[in-house]
Structures are given as structure tokens and as C-alpha cells.
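Engineer: So you can see what is in the structure, the chains are spelled out below.
There are 4 protein chains.
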Amino acid sequence: MFKGIYTPIVTPFTQEETIDYGKMKHNLERWGKTPLDGIVVLGSNGEFAYQTSEEKLKLVDFVINNFNRDKKVIVGTGCESTRETTYLCREAAALGADAVLVLPPHYYKGSMKETVLYEHYMHVAEASPVPVMIYNMPGNTGINLPVSLVSRLSAHPNIAGIKDTSGNIVQLSELIRDTAEGFSVFAGNAGYLLPALSVGAAGATLALANILPEDCCRMVELFNQGNMEECRELQLRMLEINFLVTGKLGIPALKAALDMLGYQGGMPKRPLLPLSEDERQIVKNVLEKYGI
Amino acid sequence: MFKGIYTPIVTPFTQEETIDYGKMKHNLERWGKTPLDGIVVLGSNGEFAYQTSEEKLKLVDFVINNFNRDKKVIVGTGCESTRETTYLCREAAALGADAVLVLPPHYYKGSMKETVLYEHYMHVAEASPVPVMIYNMPGNTGINLPVSLVSRLSAHPNIAGIKDTSGNIVQLSELIRDTAEGFSVFAGNAGYLLPALSVGAAGATLALANILPEDCCRMVELFNQGNMEECRELQLRMLEINFLVTGKLGIPALKAALDMLGYQGGMPKRPLLPLSEDERQIVKNVLEKYGI
Amino acid sequence: MFKGIYTPIVTPFTQEETIDYGKMKHNLERWGKTPLDGIVVLGSNGEFAYQTSEEKLKLVDFVINNFNRDKKVIVGTGCESTRETTYLCREAAALGADAVLVLPPHYYKGSMKETVLYEHYMHVAEASPVPVMIYNMPGNTGINLPVSLVSRLSAHPNIAGIKDTSGNIVQLSELIRDTAEGFSVFAGNAGYLLPALSVGAAGATLALANILPEDCCRMVELFNQGNMEECRELQLRMLEINFLVTGKLGIPALKAALDMLGYQGGMPKRPLLPLSEDERQIVKNVLEKYGI
Amino acid sequence: MFKGIYTPIVTPFTQEETIDYGKMKHNLERWGKTPLDGIVVLGSNGEFAYQTSEEKLKLVDFVINNFNRDKKVIVGTGCESTRETTYLCREAAALGADAVLVLPPHYYKGSMKETVLYEHYMHVAEASPVPVMIYNMPGNTGINLPVSLVSRLSAHPNIAGIKDTSGNIVQLSELIRDTAEGFSVFAGNAGYLLPALSVGAAGATLALANILPEDCCRMVELFNQGNMEECRELQLRMLEINFLVTGKLGIPALKAALDMLGYQGGMPKRPLLPLSEDERQIVKNVLEKYGI
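If you read the sequences in order, they're chains Y, A, P and W. Just so we're aligned, residue 1 is where the first sequence starts under our numbering, counting upward by one. Just so we're aligned, residue 1 is where the second sequence starts under our numbering, counting upward by one. Just so we're aligned, residue 1 is where the third sequence starts under our numbering, counting upward by one. Just so we're aligned, residue 1 is where the fourth sequence starts under our numbering, counting upward by one.
Take the hints with a grain of salt, since some may be wrong.
Same chains, same label: a pair holds when it works inside one copy or across any pair of copies.
[What the hints assert, rightly or not] Think about it this way: if two alpha-carbon atoms lie no more than 20 angstroms apart in a straight line, the pair counts; the simulated DMTMM-like pairs of lysine to aspartate or glutamate are:
(1) LYS109 x GLU119
(2) LYS109 x ASP259
(3) LYS72 x ASP20
(4) LYS113 x GLU279
(5) LYS284 x GLU221
(6) LYS58 x GLU84
(7) LYS113 x ASP215
(8) LYS3 x GLU229
(9) LYS109 x GLU80
(10) LYS25 x GLU229
(11) LYS71 x GLU29
(12) LYS289 x GLU29
(13) LYS248 x GLU288
(14) LYS33 x GLU230
(15) LYS58 x ASP98
(16) LYS284 x GLU114
(17) LYS109 x GLU221
(18) LYS248 x ASP178
Worth flagging that the hints you see were computed from the coordinates, not collected in a lab. If you're wondering where the values come from, they're calculated on a predicted model, not measured in any experiment.
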């Protein structure tokens, strides 16, 4: 069963838009020394959408071989076609992935009815050598996976959990209520980490944990200790920086913040543009206000 | 400062669509003996939208005179026009209301810019003899009050709190973070009572508390005792019945549930229609499954 | 059968927020001399939402007695409750209204299912002494009346047409295809007058016709003459001023434009605020660019 | 300048999910004999989202070499990354494409601000050896390209037009009003072909023209002859079948309809599933009702 705090790691690019493996190695070493339970490579914040399958697999190989072996590596393998998705699941498993995170196909929104998505996920679950974690990300996909669908899928022995980034705390509660014993419900954003823990989330996959892995893990610890007061204080304090790097300014801000904190964020890949000088200053100010 | 659990009481109607004061009296007596901190009369669940100002004031008078004097009565006074809203605030105060709950004007959605809403609420706050509680209810109004607006309004000494029914737990957290000391942030739906308490909500105004006042209050008690396990268990158990009476089947289901539990729900007012026999059976089954 | 161009007349208010009947009379006289087929009193642009039933009926009486008897007067009577709606329909008919325009109840959005709305409109149609025109206005109500519902309602002999302000031209086409013989489908905004005529709309109710009645009527004339070139040119030219007074700046801008063109717009009623000086200048510039 | 009727051709797949070139050849020959002005390969209806860049280019090569040389071929080349998009534009041009149709990147919706999209399209326009047609498809991308953005882009000599599938006829009118002389505004769906022509659209790219190329072209002819009556009759008649194959049942229904009409639709690619028997019957009935 998956639990604890994971971070969907960013992918540093060079000015020429190729992956900057030197920077990646630097970051992996540092994340490996934090209390993080694991990482997700090729999540949304890893700019998976800008990489071909070939580029993805080369990156996965590198990450698995350069990250702390005691921690887990989950690989984002969701593609629009079922065929490409299952291909990536098999290859990622062969490279040593602990699990795969599968975004639903979403381009043909009108056709992604519950039956179609059910068949897709069941097919992927059958084909994948490692456990499947469902990835609900309506903000980017425009599709929200219904609780009824996830509930049915949770009965499959190879479907291990869900990362829910809907931000709907009632839905997250219903997922906990309606999914199979041992199925892991993860929060998908640090903005509601404490509320998610309060209703029984097993863990969380947080972009914010790229830059604040210790504090994100600290919240789980405080919660488990029953120290609600400090946990709440930390939750409220995190909101502003979290919104900046996962909402308002997105991946380029997350990369800029990494640079400011001794990690190496690198360039985003176009069409994403690096921050302007004014935007960098905003990130700097918010980090300082946060207290780092 | 307002805190604890309130319920927006339903208004029982007769077959002829007039208020059934006998049933109202019966319910008021019973609610008065529960641990509820107070009630809201003429909230959304009170079908305020179907009553004229004259009918509203007669009802307010009756409720205040027939409810436990040790508990608070908040009156819904929001209207489309600023003038009618301030009129109702003054009259409600004269009748003995402890506070007023003010829904924003929303018909001309495109024109309800932050400045317009700010001026409206400031004007109402100046005019109202009793404290104003803001009522954010995007599901019905189609308008979500921005945190920045509420933050500014919270500085007014006569604006005492907000009932936020957006269901966005991050927004609710931001409201707690950004509003003035002593300003009460209330959750607006029982579906996220525990998450709201976990981030510091002062209380909640819950339609579900019409039928389950004891259990809603029990959750606050469990939370304050640090009994997170039982609190979570109760939260998850409440979700289904709560969704049925505040979401899927709405006010007619809430009234039917009241009837089943020894309260007197009465008829809804048209265009709302009473439940069909099949729908009543659904409510019955869910109540039984809940354990009453 | 209703056809041609109507305008939903604005209601001029005084500084004290009472109806300015002097200004209303002035406007009625002038609109009476234009080629308009009729007017709608108490439509959205008439700020119906800010008036009590008593104020509404006094206004209706005044308008009917001060407008060109050769043109039609339609009265907006839609309220949240079925009872108040039927009351206003009867009273408006007694005062001489040619028809009533009925907005759907919409506050309890989740409960406004097709059955509920069907029963509501059928009840109103039975009760109203004059023909009912349905008013679909999703931008303000948050509810879009499905074609299937309108199709069924169109079979009632006292339901005469629909004003569709959804802006969805395919839906408007489907309404024309699926409603009963003799049922009038009206466009609800000048932004798509020509497209609506092209698919067979019987007419239009246009806020823009408050200030440009001649040009709106001219478009119908050009279309009927088969002069598509000039009709298109006029349609494109109208877009900017139309968006300004019905979208971007709304009713206060429409009133300001009336003032600039020799009508008397008067004050809007709070929470609506009069235009700032900068906004007035924008309206002036766009009117000049339009060529008046 | 691009004008007239194009169809975004479907891609027939085998049971094994490889492209069925035999069926493709059959269809190309038949479309080549219709009055269509051209085709779009790798549009949304071509299931572009389910093919790798390698598969795409092989298909483009085949199509260009097997289609009527007197008609135009536009190639869908939009990808999430700017780099892959420009790569496909260059390769498609090298294979003989007349133009490229470029969908905006859209996965990171929150980051696709006007500046980011402007830079992306300008970069693509500079890199592409053949004219760029912008592809606005909010239903699938979740992003609507603002008129102000398209207006600016239309000034670039290598940006030739836009296919607007928003269904917003006012926006389409504004695009015609605000884009450069010679820029082609195309309607993106047959549901509003006549309204689009009425406001001055240069043409249309219609999924429906896969199965009804003659009737779609006939509408343009009727419109140009000023035969509004027959044109409107045809428009209204087309709505039902158009909705079925582009809305309700989507690509699998379009493929089934092709099969029924002597074309060869082939299989859809997973996650899309072929129609059930009941759904096929619906398509059959609607085609018969249409009169084929």
C-alpha cells in the first residue's frame, strides 16, 4: 500500500530544450536525502506532455538509477491511446518503476464516458507489470473521474490507488469511503493536505514538495501526533507559496524557486516561458515571507 | 463572535402554499432542545426566495418569539436590491434578530464586479443595526465572492463573519488566513465539516442539522476533544444522507426526512414539488442505513 | 404570432431610487415613433429584479397608458415562486398587456429539473389570460432551458414563443426545428441577429434597440429584401456597441448611451452604480465610432 | 486565400489498431470525386491524438499521394510542445501539404496565457514552410483563443486563417471583423454553417462532410445564389445527423455512418470503442430520416 509524501519532480531542460541530466542528478541526490517517501517522474510538473515516449523512457532509466534505492519511484505513463499507455507501463516496469501513475485519455472529452474509461483502465491494469495509480487531474484534463468509476476500478488487484487533484474535499472523502480496503487515496495538491489527512487520505503527491519536502513531511508527522494546532498553522502558511508555484505562475515559478533554494530547476520547455524578472521577484518575496 | 453549529431551518408550507405555523412551532420547540447554537431563518433551505418581504417579516417575528431564547437567531435578508436588503436588515433587527445573513445580489452576474459588491455590503453593514454575516453560495447564485473582497469587508466592525458554501476548502482556508481577528468563518455544508474544522473554521451552518442536530454538534465536540478517529468516522457516514437532502433531491427530501424523524417538514412551495413515492423510499433507506 | 423587433425598455430611476416617470414618458413617446414592433417592460434591462410586485404593476400600468397603442407591450412576470408569477400574469393582463415574458425560477438550480420547469410553465400558461413567451436567459439565471422542454411546452395553445438569449445559434436552430407551427422563436441579443434571421427566427428582443431601434429594424428589412451584403455590414458594425451596453458595462452603460442620444436613461438602482467618467467616455467613443 | 468546404477525414484502423491504408485509399478516391475544396488529415476526427509523429508522417505521405491533386490537403500538426509542432510542420510541408492546421498547446491550461500562445504561434509561423491555419477547438482543448490574440496573429503573413469550432457565432463574427484582409475565417462544425456564411465566413471544415460532402458544398452554393429558403431548410435538416456524429456518439458514429454510405470507416482506436448494435441502429435511423 502506498502512503506518505511523494513529489512529482520537475524536469530541468537546457536552453536547447533537451533534458539537463546534470541538474536532474543534483536534484535527485538532494531529494534522496529528505524524508520524502518517493517521487513521481513524468507527472504534470515533470512536463511529461512535452516529451516523446523515447525521451520519457530514457529519463525514467536515469532517474531510477540515480535516486535513493530506499525510496519509491512512480512513473507517469498516461497517454491518449490505450496502446501507448500500456507500452509505457511495460517499459517503465522493466526499468524498475515501483508503480505507474495513469492520467485518463481526455482529448475527446465528449466520448470519455464511464464505460470507455473503465475499459481503458482495466486494460491498462491487466497489462501493467506494476501497480497502477489513477491520476485524476480535472484542471488539466477537463475530465473529472466519477467516484463510482474509481470505486469499481479499486476492486482490481493491480489498481492500487488514486491521486486526486480535483480539489473537491467531499469527493476525496467519498473516494476514501467507497474504494476497496488497501486502496490508497492521495491528495494531489498541498493546498488541502491537512483537510485530506483529516478525512483519512493515505498520503499526498505534492508539487510543493519539490521545494519544501521537509515541511510537507512534517505536516504528516504533526497530524499523526495529534498536534492539530501546529499542523493547521503550517497548512495556512503554505497556501501562498503553494498557489504561486502550482497555480498562478505554474511550472516556471516552481523551477525558479528550486534555483533559489539550492536545487537546479533549469529551463521550462516551450511553449512554457521562463519567468520575467518581475515574476522572479514575486517568487523571491513569497519565499522570504514563508521564512526560507 | 459567532461559533458552533447553526441550522438554516426549513419553512413548512400547507397544501395552499401558506406558511404552516403549527408545524413551524413544533419544529422550533424541538430544535430548541438540541445542542444547536442557533438557527438561521430565511436561509436557502427556508425557501426565502419564494416569500415576499411581508411574509418574511411575519415569519421572522414568529420564529423569534417561539424559539429557545438562549440560542441565537440569524435572519436571511439578502435581496437583489440594496434598498430592500437594508430594509429587511432593519426590520429583522427590530424584531430581535441576533444577526443577518446577507446573500449577494446576483441576477446581473456580469455587473457584480468586486467594487459593486463591496459598495453593496458596506452600505448594508452601515445600515444594519445588528451584525452582518456574508453568505457565499455560488451553487445557487452563480457568483463566488473572492477572498480579497471578503478580506476587505471583514475589517468593517459590523461585518461579523461569512458562511461559505462554495465547497472549496482551499478558499475556506484562505478566508481564515486573510480575514480580521474575530471574524467568523463558517462552513456552509456538512459534507466538509471536519475538513473545515481542521483548518480553523469557527463553526458551520448546516442544512443537515435540521434533521441531525445532535450528530452535527457531536462532530464539533469530537474534534475539540482531539478524537479524530471517531470524528472522521462520523464525517464519512454523514456524506450520503447529506448529499441526498442538500444535493441530489434537495429541500423536498429534507422536508420528507424531517417528517420521518418526528419533525414536521410540511409541503415545499411551487415550483418545488413534493417527493414521489420512489424518492421517499430512497430517503427512508438512506436514513435507515445511517442508523436512525 | 409575435414577430419583428422588440426592445426590453430600461427603467429610469431618480437619485432616490424611485422610478422616474417623467423620463419614462419621454422615452415611451420617442420609442412609439420608431419602427419597433413593440416593447418589453420589466425585462432584464428594465431592472425587474430590483422592484417589488407593487412597484412593477404601477409601472406596467403607466407604460401601457403612455405608449403607442398600435404597438405591442409584453410584460416580464417571471418570479421565483409559481404563485407570484401567476399573480403577476393575471394583473398584467388586466392592465392590458399583450403577452407576458416568463423567466424560469432558478435560485434552487439543482432542483430545477425538466419536470419541475415543465409543471411550472404549464401552470403559468393555464393561469395567464394572455399568451406566454418563455424567456431563456442562462447568462443571468445559470439555467439553460433544454430544447426538449421548450418543444413540449410549445404545444400548449397559450405558450406563444421564446426569447432565447443563450447565444447558442445551434440551439436556436433546433428550437425553430422542434417547436410547434406558429410558435415564435426570438433572438435575445443583437450580437447574433443576422445569424438568427438566417435560420428562421421570427424576431428579436434586443436591449440594443433601446438606443438603435431604427438600425435593428433596418436589419430585418435588409434581410427580408435579400440584401445580405448590407445586412452583414450592419451586423458587424453593431457588435462593438452592443457588447458594450449588454456585456462589458451593462445596464448603466445602456442608460448613459440613452442620455447621449436624446433619450433619458436616468439612474440605475443599487447595487448597480452609474458609470464612472472614464466609462462614459468609452461609451461616447464607441457611439461616435459607430456613426452617431 | 482558403475558402469553401473541407472535411477532416477519419483514419480507418484495423482490428489490430494499425492504420488501414486500403480503406483510406478507397475513401480518398471517393472524396476526390466530390465537390469538396480539400481535406484535413490528422484533424480531431482523424484521431491525431492517438498517433505518434512517425505514424502521422507516414499517413500524411500516403494521403497526399493518393488524393485528387486538384484539391488541397491541410495537415494537422499541433502538439503540446512548440518543438514537436514545428518539426511536424516542416515535415508535412516537405511531403507536399498545402497548409498546416495548428491546435494550441493546452495541457497546462493555467499557463496558456495570451503571451505564451502568441509566442508559440509566431514561432510556428516563422518555422513553417507552408501557411498556418489556427485551430480553435475549446470543446476538446478546454481553451478558447481570444479574438484579440487571433487578430494580432492574423497580421503575420504566414498565418492564413482560423478554424473556429467554439460554436460562438458572435465570436466568429468578431474574428471576421478584426482579422487582417485575406485572413480566412472557417466555421468548424456544420451545425452553424449557414449562420457562419451569413456573417461572412470564407468556408468551413466539417466532420459532417466526411459523409455528406455534396450537401455541405450545396449549402455554400445555395447561399451564394441567395437561395436562403432552401439553404435554411437544408441547414435545419442537417442538425440531427450532424449532432449524432460530431456530438452525441462522436467518431465511432461517424465511422459507422461512413460504412453505411459506401465509404469505409474502419475501427476506431482505443480507448474509443466501436458502436454497440443499438447505437448503430440509431445512426441508421437518423440517416434514413435525413433521406439517404
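Engineer: Hint by hint, where does the structure go against what was stated? Just the numbers, ascending.
Structural biologist: Violated: hints 2, 3, 5, 7, 10, 12, 14, 16 and 17.
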